[in-house]
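2 protein chains.
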Amino acid sequence: MQDIFISPLSGGLAGWVEAFPHAKIADFLKPNKSQASETIVFWLHMNADRQEWLTKTIKQIQQQYTQAKIVVLANSPNQAEALYAMSLGVVAYSHAYSPAQVLREIKTVISHGGVWMGPDLLKRLIEVSSTLAGNQAEQVSQHLSLLTNREKQVAIEAAKGLSNKEIARILDITERTVKAHLSASFERLGAKDRLHLALMLNNKS
Amino acid sequence: MQDIFISPLSGGLAGWVEAFPHAKIADFLKPNKSQASETIVFWLHMNADRQEWLTKTIKQIQQQYTQAKIVVLANSPNQAEALYAMSLGVVAYSHAYSPAQVLREIKTVISHGGVWMGPDLLKRLIEVSSTLAGNQAEQVSQHLSLLTNREKQVAIEAAKGLSNKEIARILDITERTVKAHLSASFERLGAKDRLHLALMLNNKS
DNA sequence: AAAAATATTGGCCTGAAGGACAATACAGGT
DNA sequence: ACCTGTATTGTCCTTCAGGCCAATATTTTT
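As given, the protein sequences belong to chains D and A, one line each in that order. All residue numbers for the first sequence refer to numbering that gives the first Met the number 0, where the first residue is 0 and numbers rise by one. All residue numbers for the second sequence refer to numbering that gives the first Met the number 0, where the first residue is 0 and numbers rise by one.
Please note that the accuracy of each hint is not assured.
Heads up, the list lumps identical chains together, so a pair's fine if it works in one copy or across two of them.
What the hints assert, rightly or not - Each computed DSS-like pair below joins lysine-lysine, with the alpha-carbon atoms no more than 25 Å apart: (1) LYS55 / LYS159; (2) LYS164 / LYS23; (3) LYS191 / LYS151; (4) LYS151 / LYS164; (5) LYS178 / LYS23.
Derived from the structure by calculation, the hints contain no laboratory data.
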């Protein structure tokens, strides 16, 4: 799992380098040419005056890397910004000057499908939500994080209602392979068949 | 890091044992005599009719073990219960029959300070908190109005993921009749199979 | 270097799903 | 009485899904 830090500070912050000596550090998002199957963690260094940049960058990443996990490291963390970032699909939000140890913890958490946020933020989220009746929009499930890349692709197509044969065609693999990935997906997600899988991925369970 | 499962089912569920062969399984919380400094993960097996028990047990754990992480594994997960549990300080909420793999993921996440919850719940938390506004009534699909009463009943069950046989049993009709109603439903709604029907009735297409 | 996942494909088999082609019974409206 | 829509069930048949038995190559992790 590769780490890419994006920060206006060339060289990044000391804690980052300490935590991930082999990470790439850039000052802007480079176009994704290679169709890497590997999951990439993007660490976005957020400054109060760069909200527009944050929005744009997150969207770009999500377009170019379906597998990416995005972390926002804020110079001046605040709940509003955290909420905003997480509503865009960011899976962790922390202080830019978090020590290396914390950064590594964050990485462990998100790479196993978890979410990382400060205790205050979590509490706030829960308090507010407990009192309100909410709605839900569309976004694909984080169940997907439990699947491997290929399984994910197959599962997504299956959840759209495609047959194994159709999936095989568009992914250019054998129908047999589709079955294998699907069976593995059922196992991992605890779904009993493709319909249950679809319900899960469509936020119905 | 020690794992303690608390479940009314002696022996616990298979997935737990598979995930954590060395965990203790009890049917009630034992008093803590030793002042262990080690972090303990408590996995509470929740049943719909035991909310009182859940509340009491969580409070006891928090009193006796300052370091404890508490996970709730629910037989019938739902958002309300999840919100309630997390408002008590639970750091993960999942299905009781989650596969071993998921349980291990959860443990990894929480033991590194993360929070684990279903994608629905997270999304709901964020949405509600960030918008704080408009809700939207639970609109049952308008598709259903195209069906006759009996077809409707059958279609709804099918959309939950039940098999023809199961539907036949709960509606007390023959499996053949279920098929007839389903075929009629497909015809009327223009669905090509039960999965598409499910997607339609779940407002996904 | 060794071990563990992941991606790929094969064949075989069972059971479920859904279409084709029916029949019967009952309700309500014309 | 007659027609129409609904509800019910039957048999036969084909296709598909998914489990079980694998094996192999590549990648990732330890």
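Going down the list of hints, with the structure as the test:
no.	hint	verdict
1	LYS55 / LYS159	neither (28 Å within a copy, 38 Å between copies)
2	LYS164 / LYS23	neither (39 Å within a copy, 46 Å between copies)
3	LYS191 / LYS151	both (16 Å within a copy, 24 Å between copies)
4	LYS151 / LYS164	within (17 Å within a copy, 30 Å between copies)
5	LYS178 / LYS23	neither (37 Å within a copy, 37 Å between copies)
Going through the hint list in order, the structure does not satisfy hints 1, 2, 5.
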